[in-house]
Amino acid sequence: MLKKLITPWTVWLAFLGLLLLDGLIAGLFVFWKGLGITNLTDLVPWGLWITIDLSSIALGAGAFSLCAGVYLFGLKRYQPIARTATFVGLIGYTMATLALILDIGKPERFWHSLVYWNPHSLLWEVTMCVVLYLTVLVFETMPIFANLEWLRKRFPRITSMMKRVHDYAPFLAIVGLGLSSLHQSSLGATYGVIKARPFWFKPEMSVLFMLSAIIGGISLTLFASMLAARLTSKAKINDALIERVAQFVGYLLLGYFYFRVWDALAVTYAYDPGRSEGLRLITKGSLAFNFWVMEMLLGMLVPLILLLYKPTRMNRFWRMIALFLVAAGVVAFRWDTNITGFLVVMPYIPGQAIAYTSYKPSWIEIMTGAAIVAYGLTVFSLGVKYLRVVDHTLIESEHEKVNVEATKHVVA
Amino acid sequence: MNHKRSDPTDKNINRRAFLKLTAFGIAVAAGTRAVTATKASSEAPKGKHQWAMVIDQSKCVGCGYCTLACQAHNDVNPEIQWNKVLKDRLVGEKQVFLPRPCMHCEKAPCVEVCPVEASYYRDDGIVMMDYDLCIGCRYCQVACPYEARSFNWEKFEGENRAVPEWGYPEVERRPRGVPEKCSFCYQTIDRGLAQGLKPGVDQAATPACVNVCPTGARIFGDLNDPESNVSKALQDNPSYRLRENLGTKPRVYYLPATAKKEA
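Line by line, the protein sequences give chains A and B.
Sequential numbering from 1 applies to the first sequence in this note's numbering.
Sequential numbering from 1 applies to the second sequence in this note's numbering.
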């Protein structure tokens, strides 16, 4: 009896459940005690949670980019991957919402951002877009939720309605593309417009955020699909499809690599106090490991080689590693960018030297952060098991109506 | 060949250059208009009064009375200082101080970035906080070039030790979870104006830090009034503002302490 209960699946769920419970308690503690129990300060008001928020939005970007590719640019055969991506996107955006609720000082007033508008604020735009896009994602994932066995048996009419939402996928893709282009880049601009901190104050911030989000988002979706297929027979993938998209990611990554390196070095073109100091911090200071190893080497160079060199790309293991590294590199980029701007403390008294501060997340921040990630993993795991989230064979039955030309197999 | 092409006597090129110049001129004019239009919409509205503060660094002795008076009148948590007295450089052998309230910028980054308009301009130039609207996202803190904002990480409970020695609270305590900052003692200004008093001249209408300063290093008044103390001080003395290169146009001016003044 006990042996039957202890399967890898239940152990995995129990592990996630522990993290969730742990984080739930920590989260309630935050609401009760306030942000004083975090290691955030007036000098570093945004820390780990903001990084989780930025990263989960970035890694959810596979949804809009793949949907645009499939429904707008006619790459219909990749539809099953886009389907997984919308689910990953939904998870990512809800994770971001959770992180934000923790992070704001007055969580009970979260709705103010929807009612009291300041169109001058980048954060206003981001909030609006995220809320609207989350709505789009709910519609986009409706056909997926219609796969729930229990719901289908109990309310067949509702599930058939939910499935029919898919007929509007191209329209949803247009709206999603617009909204995502806006807020993915505006998240970069959120930092890019801050004159007070010269390390951030540059127009390319938006482009970097947008590009890295597309690359990281697609990578995470592919990685998650491959990992799921490795671990359970519930997930069925068409490896040739994934391989082609992975190659595309490789080329995109090449462009992004060039741009990111150029950006890091070009920061010093015009000496503006604070810029070189920021560069020194990430190249030689406390963030050097994160920058050189996590972002540059593992986040870009290694996956570049693995994804563009055919033998390693064709090898499922190496391809998976590469895709994971790309996603992790995007997280490292978000962390570096956010934290560097704060650690360099700009003087406002004329002639005074630049100072430095430090930040290490507290246990409460880490526990709640881990729970947010665990929430994402839980939903994805359940999705794979019960909603056929990763199922590249599903196309025919589901989309007969719209005559999607997706049944053709790709010759790799 | 190349010489000839750029020769201004060549009629053909001239006409093209003329057309290009015209197009360029129109573009610049349109661009400038667009830029000024944007600026106008994001700058503080100009009302009858434009309050400003002038701080004479040659007079400031760094006693910190201003901070204490501020703590009392605005009921500020002892861990937070709306008005910080900081060490500036040495002039000769004398330590120069720089008191730093909120700059009440004419183009305030905090107002620009606040997603819910909790930070806003009054038409007299004061940058205000609506503590009931604020969601506590701290983007204003991120954007402020002067570290003028402090977040309420904890609730301020218990007694205010600056009271009653340095004054009595005139405003409500801020809740946990919102940032707060100097307001030029707007409550005093408004009450004073209602009584027909003149802020900067009559103590009952003047910010607490200005009143308490034992050396008279702080001057407060209306920039719109050419006869006001601040207008005169700025006319007669060289002054500077903090991080002027950012274009935030602070309403707090400093008169630098110079070796000459000391002598």
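No lab work stands behind these hints, which were simulated from the structure alone.
Be aware that a few hints might be false.
[As the list claims (entries may be wrong)] Covered stretches of chain A, as calculated for chain B (at least 3 residues, CB under 8 Å):
| hint | stretch |
| --- | --- |
| 1 | 42–54 |
| 2 | 96–110 |
| 3 | 118–128 |
| 4 | 362–368 |
[As the list claims (entries may be wrong)] Some chain A residues flagged as far from chain B (calculated, every beta-carbon gap over 10 Å):
| hint | residue |
| --- | --- |
| 5 | Gly17 |
| 6 | Arg316 |
| 7 | Pro350 |
| 8 | Ile354 |
[As the list claims (entries may be wrong)] Between beta-carbon pairs, the in silico distance windows are:
| hint | chain 1 | residue 1 | chain 2 | residue 2 | range |
| --- | --- | --- | --- | --- | --- |
| 9 | B | Leu193 | A | Gly351 | 37 to 45 Å |
| 10 | B | Thr215 | A | Leu114 | 19 to 27 Å |
| 11 | A | Gly351 | B | Val201 | 28 to 36 Å |
| 12 | B | Lys20 | A | Pro311 | 53 to 61 Å |
| 13 | A | Ser286 | B | Gly25 | 48 to 56 Å |
Cβ atoms here follow ideal geometry from the backbone N, Cα and C, with glycine treated the same way.
Hints, verified against the model:
1. 42–54: holds (count 4)
2. 96–110: Since 6 is at least three, the answer is holds.
3. 118–128: holds (count 7)
4. 362–368: With 0 residues in contact (Cβ-Cβ under 8 Å with chain B), the coverage given for the stretch 362–368 of chain A is violated.
5. Gly17: About 30 Å separates Gly17/A from the closest Cβ of chain B, which puts it past 10 Å; holds.
6. Arg316: 43 Å, holds
7. Pro350: Contrary to the label, Pro350/A does not stay out of reach of chain B, its closest Cβ about 7 Å off (not over 10 Å).
8. Ile354: The claim stands: Ile354/A keeps its Cβ more than 10 Å from every Cβ of chain B (closest is about 13 Å).
9. Leu193/B <-> Gly351/A: 37 to 45 Å: 38 Å, holds
10. Thr215/B <-> Leu114/A: 19 to 27 Å: 50 Å, violated
11. Gly351/A <-> Val201/B: 28 to 36 Å: 34 Å, holds
12. Lys20/B <-> Pro311/A: 53 to 61 Å: Distance hint for Lys20/B, Pro311/A holds at roughly 54 Å.
13. Ser286/A <-> Gly25/B: 48 to 56 Å: Once the Cβ atoms are compared, 51 Å apart, the range 48 to 56 Å for Gly25/B and Ser286/A holds.
Comparing the model with each earlier hint shows violations of hints 4, 7, 10; every other hint is respected.
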